[in-house]
Each structure stands twice: as C-alpha cells, then as structure tokens.
Amino acid sequence: MKLAVLIKHVPETDNLKIDEKKGTVVRKGVESIINPLDLYAIEEALRIKEKHPPASITLVSMGPPDAEKSLREAIAMGCDSAILITGREFSGSDTYATSLVLSRVLKKTGNYDIILCGERATDGDTSQVGPAVASFLDLPVLTYVSRVELSDNEVEVDRIVEEGIETYSASLPVLLTISKAIGVPRLPTLKGKKRAKSASIKYVHFDKSLFSPGETGLEGSPTMVVKLFRPVVKRKSVILKPRNEKEIDESIERLIDFISERVEL
Amino acid sequence: MKKIKVLTLAETSDGEIVSESFELLAWARSLLETEESEGESSASSEKPQLEVISILPGKAHHPEELCYRGADRVIHLVQDEFQHFLPEVYRYALLEIIEREKPDVFLASATTTGRTIMPYLASKLRTGLTADCTKLRYDIETGKLLQTRPAVGGNVMATIKTVFGNVQMATVRPNSMRTPDSDSSRMVQIESLEFPPEKLRSKVRFLKREDFDKGESLHDARIIVSGGKGLKKAENFKLIEELAKHLGAGVGASREAVDRGWITYPHQVGLSGKTVTPEIYIAIGISGAIQHLAGMQSAESIISINIDPDAQIFSVSDFGIVGDLFEILPRLIEKLKERKKRAPEAER
Ligand SMILES: Cc1cc2nc3c(=O)[nH]c(=O)nc-3n(C[C@H](O)[C@H](O)[C@H](O)COP(=O)(O)OP(=O)(O)OC[C@H]3O[C@@H](n4cnc5c(N)ncnc54)[C@H](O)[C@@H]3O)c2cc1C
Ligand SMILES: Nc1ncnc2c1ncn2[C@@H]1O[C@H](COP(=O)(O)O)[C@@H](O)[C@H]1O
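If you're matching them up, the sequences are chains A and B in order. Residues in the first sequence are numbered from 6 upward in steps of one, following the numbering used here. Residues in the second sequence are numbered from 406 upward in steps of one, following the numbering used here.
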C-alpha cells in the first residue's frame, strides 16, 4: 500500500502579515507550522499504515525551504519519506497552479493507492487543492471524510456534510480530504524524532521535463489578487455592564428586545 | 446588446431544492449592480442583459421554483446517477453543459458539494476559482468578475479576478444574501437533459446517509447560540442547549468546548470548524480568539455574554453583557418561557 499525504507549511495564524501591494502572504519573520488541519490527514495515513502492512507514507509539500521543518515533524510522527517542491518559480501559485505542480510530482514519483489531504489550509482557506489535484490525476475524490475503512482494493468512507453523514465506497486509487472528526492526531515519538533528524528529504526544483515555462507561480495562476482592503466593521457595540440584580434584569430585557427586533421569537 | 450568461449550480436534499440554491440566484441577479444602485433594481438601459441558467442535478419535486426565484432557464439532470453527489459524474455533465452553453460566469454555493465539485471542474477547464466569496461584481467594461473574499482569517478582504480561462468561477458563502421571494408569474423554462449512461460511470458509490438530529445542523439556523470554555463543565452546556431551544436556535461551540467533549465536532464554529452566517450569533463564555472569529464574524448581528470586560469578543459584538453567564442564562431562559406563556396564540 502506497500512501501520500499532502501537507502545507503555513504561517501561524496569530501573526499573519500580508503584502498589500502583491496580495501575497509575507512569510519572512513569521513562524510557520504544519497546517493544523493536515495533522488529521497524517493521522489517518498512519492508522491505515498500521492496519494494512506493508505500507509506506510519502509526504509531499510545495513551499519555501524551511517547510523542511514541517516535513521532519511529520516524519517524527511516523511517516516514511518526504518530498519538498521548492524554488522561486513556484512562489505566488494559486490553488490551480499549486494543484498542477503537486499532481505532476505525484504522478512522477509513484503510483499512490491513496492520497490524503487536509480539509483546508488555514492560510489560503479554500479547500480547493485536494479536489483539484484529484482532477488533474483523474482520480475519484471524497471530501470531508470522517471515517475510513479499507478492504481489498476499496475504501468505505463517511463524509460529514451539511445535514448528516453520508457513506460512500470507492475503488483505489483515490484522493481523500480528511476532516477533523477523524480523531486526535498523535504526537511525535522520541524514536520518530531521532529518525526525522537524519531522514533525507527529496528536493524537487523547477524542471523543464516536468513543467513548461509559465505553468507555475504567479504566471501559471489564473486568479490574481487585484485589491486588498480592511473589512469595514459595522458593529454597533452596545456593551452593558450591569452592577446589581436589577440592572442584570434590565440588560436581559434589552437583550430579548435586541433579538426580537431582528428575528421573530 | 451583449448578454452575460451566468450558470448556477443548484442542489437538492430529499428532492427539495435547498435555500442556498435560491440565494445563488440573488447573487447572479446582483452581478451588475453598482455601489450607487446597490439593492435597487438593475434595469438601466445601457446595461447588458443577464441570462441566468440553473443546473439542477437530481430529481427535484419543484424545479420550476428556480424560475420563480430568478432563473431564466433550468437544466434538470434527472437520471438516477445524479441522485447523489458523485464528483466524476457531476464533472462530466457540467463539462458538457459548459461546452454547450459557453457561460461567462459559473457560480456555486460554498457548501460541501460546491467546494468539492468546483475545483474538480475548474482544473479540467483550466480556469481559476475563488472560494467562499462574500461579494461579486461583474465589470461590464472589462468583462471581468470581481470576486471578493475574506483572506487571512477574515482580517483582510481580497478582491480577485480570473486572468485566464474562459469561464470565471466562484463559490459564494452560504447565508450571506437574502433568499429571493418566489414569484409564480415568472416564465418557466425547464429542460430535462440526459446523457448516455456509459458516460455516467463512477468509481465512487453512494451507500447511505444518516441525518443529524434537528438542531444539530447549523447551516440554515437563523440564530445560533454558542458556548465556550466559560461554561466550565459538561453539565452546564445544557444551559446553552436550553437557551437555543427557547430561541429556536442552532447550537454552536468554541473549540475549547468541543475538545472537552461537551458537544460534538459538527457544532464547532471557527477556523477549524464551520463558518456560519446566521442573522444572530450569540457567544456565551467565549473569549473571541481570532480562530473563533474567523467562523462567525460575518453573522448579521453578534451578541455576547462574558464575565471579562476586556474579552476580545466584545470588539465584534453589536450587543454585549459583561456578567456571569451563570447568573444571566437561567433568568434569560425564565424570561423567554414567560414570554411564550404570555403569547400562546402567536405560537400556533
Ligand atoms: C490552528 C488553530 C485552529 C483553531 N480553530 C478553532 C476553531 O475552529 N474554533 C474555535 O473556537 N477555536 C479554534 N482555535 C482555538 C482558539 O485559539 C481558542 O483557543 C478558542 O477559541 C478558545 O475557546 P473559548 O473562547 O471557549 O475559551 P477561552 O479562550 O478560555 O475563553 C473562555 C471565556 O469564557 C469567559 N468566562 C469564564 N467564566 C465565565 C462566566 N462565569 N460567565 C461568563 N463568561 C465567562 C472568560 O472570560 C473567557 O473569555 C484554533 C486554534 C488554532 C491554533
Ligand atoms: N503547497 C502545498 N503543498 C502541499 N499540500 C498542499 C499545499 N497547498 C494545499 N495543500 C493540501 O491541500 C489541502 C487544502 O488546501 P487549500 O485548498 O489551500 O485550503 C491542504 O490541507 C493540504 O493537504
């Protein structure tokens, strides 16, 4: 069983900066981590690996050189090997260009039975890369997956959708995007950390045999940010500070009024 | 005069068209509005005409309702293969329809289906796609769709355009536009489109669906009552549920409440949970961490109750009470009960 997990190295959400001119995220000086939602994809891949040996997990990430840190952390959790796609030709890629690059590298590096993605990246916040990669590779896709059962050459999965949980099955190979509902991701082990330190990460750079000029980065991206602006907050901000029982009752009355002026109770 | 052709993707649940699909028609109809005319009718004479076509996969009881709410035409995909969401089947059909109709714009709701099929389709079309837009405008001069969405956790808004690719595609945030009223005097035009069955094969099979209990689903709730760590323990979370019951509201939660097992994950609101846009969002014992705000700050009105006057949640609230939720909630619930008693007629 060959598994691949796509992970993204993202700035910590607390202190994001953006380049107002270019409309891209400024990565300099901001701590970056594994996209927290990708931990669930890693966890699910590890569970499959444990239940269905022999299996191997390859991590694939497109990002700056320091994404190595995130890849090593995922290796410490139990993944086997890692590929980092990096270079200035890739920077500024939108979800289309990112998915194209990831799919080319996946196609070249192996016939994966299951490719796992996070539900979305906390910086881009689109949920588009998983389905787009699947489409480039002509694979079936199942999104918002909360349970995976594997038997023979088939997966059965639950998907969390708006009104309930749907169960689907699909033949392999398949791409899954994993929801947080899958369970708690494990922590790196001491042994894993040791292995991660010495693990060699395979670098993929822009290569004419894989990509045509202009296919990647800003040039290869069909979407372009034309403007960035601060959202206008139109909140009225009436904040009451009741000091005694009577005032509490009054605030509650006003709260009920506030609601019933807007929605029929 | 130039016609601007807009396709929208409708969705059904048990044969009923979902409200997001009607909202999409309001989105489509508003594309030519300008800042000045916003909200008014857009029937100015120099304006190009809009043609809005809804694609409706799966058998629906009332496909004509899409025309009543603003579609000029409905393409109804009635074959069994469209009954459930099979991405490969949907993609095939949508590619065929786009090839035939050559739309300028293609819109879907940012639902689980919309967010899956749109990127699956856009890659094949070699075009761009903007996720979860909160504003769309069509620039008549350039023919470009200006797609605005929150970026960086909602701290910044980004306006995006599609620079190459024939169809300009976007998903829009559910519940961020009023559902258009039904006008049965509008003309109905429905085409039942069928494809050769061998083209509709899929490696994915639908097996079953189990619906959440009523009230568990947040996506169409007009009011959401959310509880956070301030509730202190699992039993206390009942206060949130009870308040929600009396308000006819959905129940939400912060990650702290979910991680402590007080309520299940489908209720989590925020960056790693759901994005909700109810008319009223009530945050109780929630501090208002940026990751929580990311999921609820586009609610129409926000109410908060927190004991800490400096809690971040107050900075995004329209109405707030600084106080102990354990003092406030029982009385609030009591008052709501009294109100119901006083007006029993209005209930029926
Ligand atoms: C990558 C990432 C993703 C995340 N995703 C999410 C997400 O999707 N959703 C989410 O919610 N969080 C998310 N978080 C976590 C987030 O950062 C906060 O930790 C979380 O939102 C805090 O939850 P809380 O407000 O319930 O708890 P706290 O921050 O502990 O706040 C509790 C509040 O209750 C108040 N309180 C206490 N007692 C009372 C009382 N008696 N009466 C009234 N008020 C009282 C306190 O004043 C305080 O403001 C994420 C974090 C990360 C790093
Ligand atoms: N640059 C990237 N490298 C590797 N995987 C990525 C990258 N961007 C996105 N992904 C994967 O796609 C998922 C969805 O990302 P997004 O579409 O950006 O919200 C993430 O959770 C990752 O699994």
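It should be emphasised that the hints constitute simulated quantities derived from the structure, not laboratory data. As the structure is a computational prediction, the values presented were derived from the model and not from experiment. One should not assume that every hint holds.
[Unchecked claim] Once the Cα atoms are required to be at most 20 Å apart in a straight line, the calculated EDC-like pairs of lysine to aspartate or glutamate come out as:
| id | chain 1 | residue 1 | chain 2 | residue 2 |
| --- | --- | --- | --- | --- |
| 1 | A | K251 | B | E743 |
| 2 | A | K7 | A | D143 |
| 3 | B | K529 | A | E255 |
| 4 | B | K549 | A | E224 |
| 5 | B | K566 | A | D143 |
| 6 | B | K679 | B | E743 |
[As the list claims (entries may be wrong)] Footprint (simulated), chain B over chain A, 3 or more residues, beta carbon under 8 Å:
| id | region |
| --- | --- |
| 7 | 7-13 |
| 8 | 111-118 |
| 9 | 125-133 |
| 10 | 170-176 |
| 11 | 216-224 |
Backbone N, C-alpha and C fix where the C-beta goes; we use that ideal spot for every residue, glycine too.
Structure-based check of each hint:
1. Between A:K251 and B:E743, the direct Cα distance comes to roughly 18 Å. Compliance with the 20 Å bound is thereby established for this hinted pair.
2. For the proposed pair A:K7 and A:D143, the alpha carbon gap of about 17 Å is at most 20 Å, so the pair holds.
3. Distance check on the hinted pair: B:K529 and A:E255 sit about 59 Å apart at the alpha-carbon level, beyond 20 Å; violated.
4. For the given pair, B:K549 sits about 18 Å from A:E224 by alpha-carbon distance, which is consistent with the 20 Å threshold.
5. Restraint check: the Cα-Cα separation between B:K566 and A:D143 comes to about 27 Å, which exceeds 20 Å; the hinted pair is violated.
6. Under the criterion of a C-alpha separation no larger than 20 Å, the hint pairing B:K679 with B:E743 is inconsistent with the structure, at around 33 Å.
7. With 0 residues having a beta carbon nearer than 8 Å to a beta carbon of chain B, the region 7-13 of chain A misses the requirement of three or more and the stated coverage is violated.
8. Evaluation of the coverage hint for the region 111-118 of chain A: breached, as 0 residues show C-beta separations to chain B shorter than 8 Å, against a requirement of three.
9. Only residues whose C-beta sits within less than 8 Å of a C-beta in chain B count toward coverage, and the region 125-133 of chain A has 6 of them, enough to reach three; the restraint holds.
10. Using a Cβ-Cβ cut-off of 8 Å, 7 residues of the region 170-176 of chain A lie near chain B, which meets the minimum of three, so the contact claim holds.
11. Residues of the region 216-224 of chain A with a Cβ under 8 Å from some Cβ of chain B number 0, which does not satisfy the need for three, so the listed coverage is violated.
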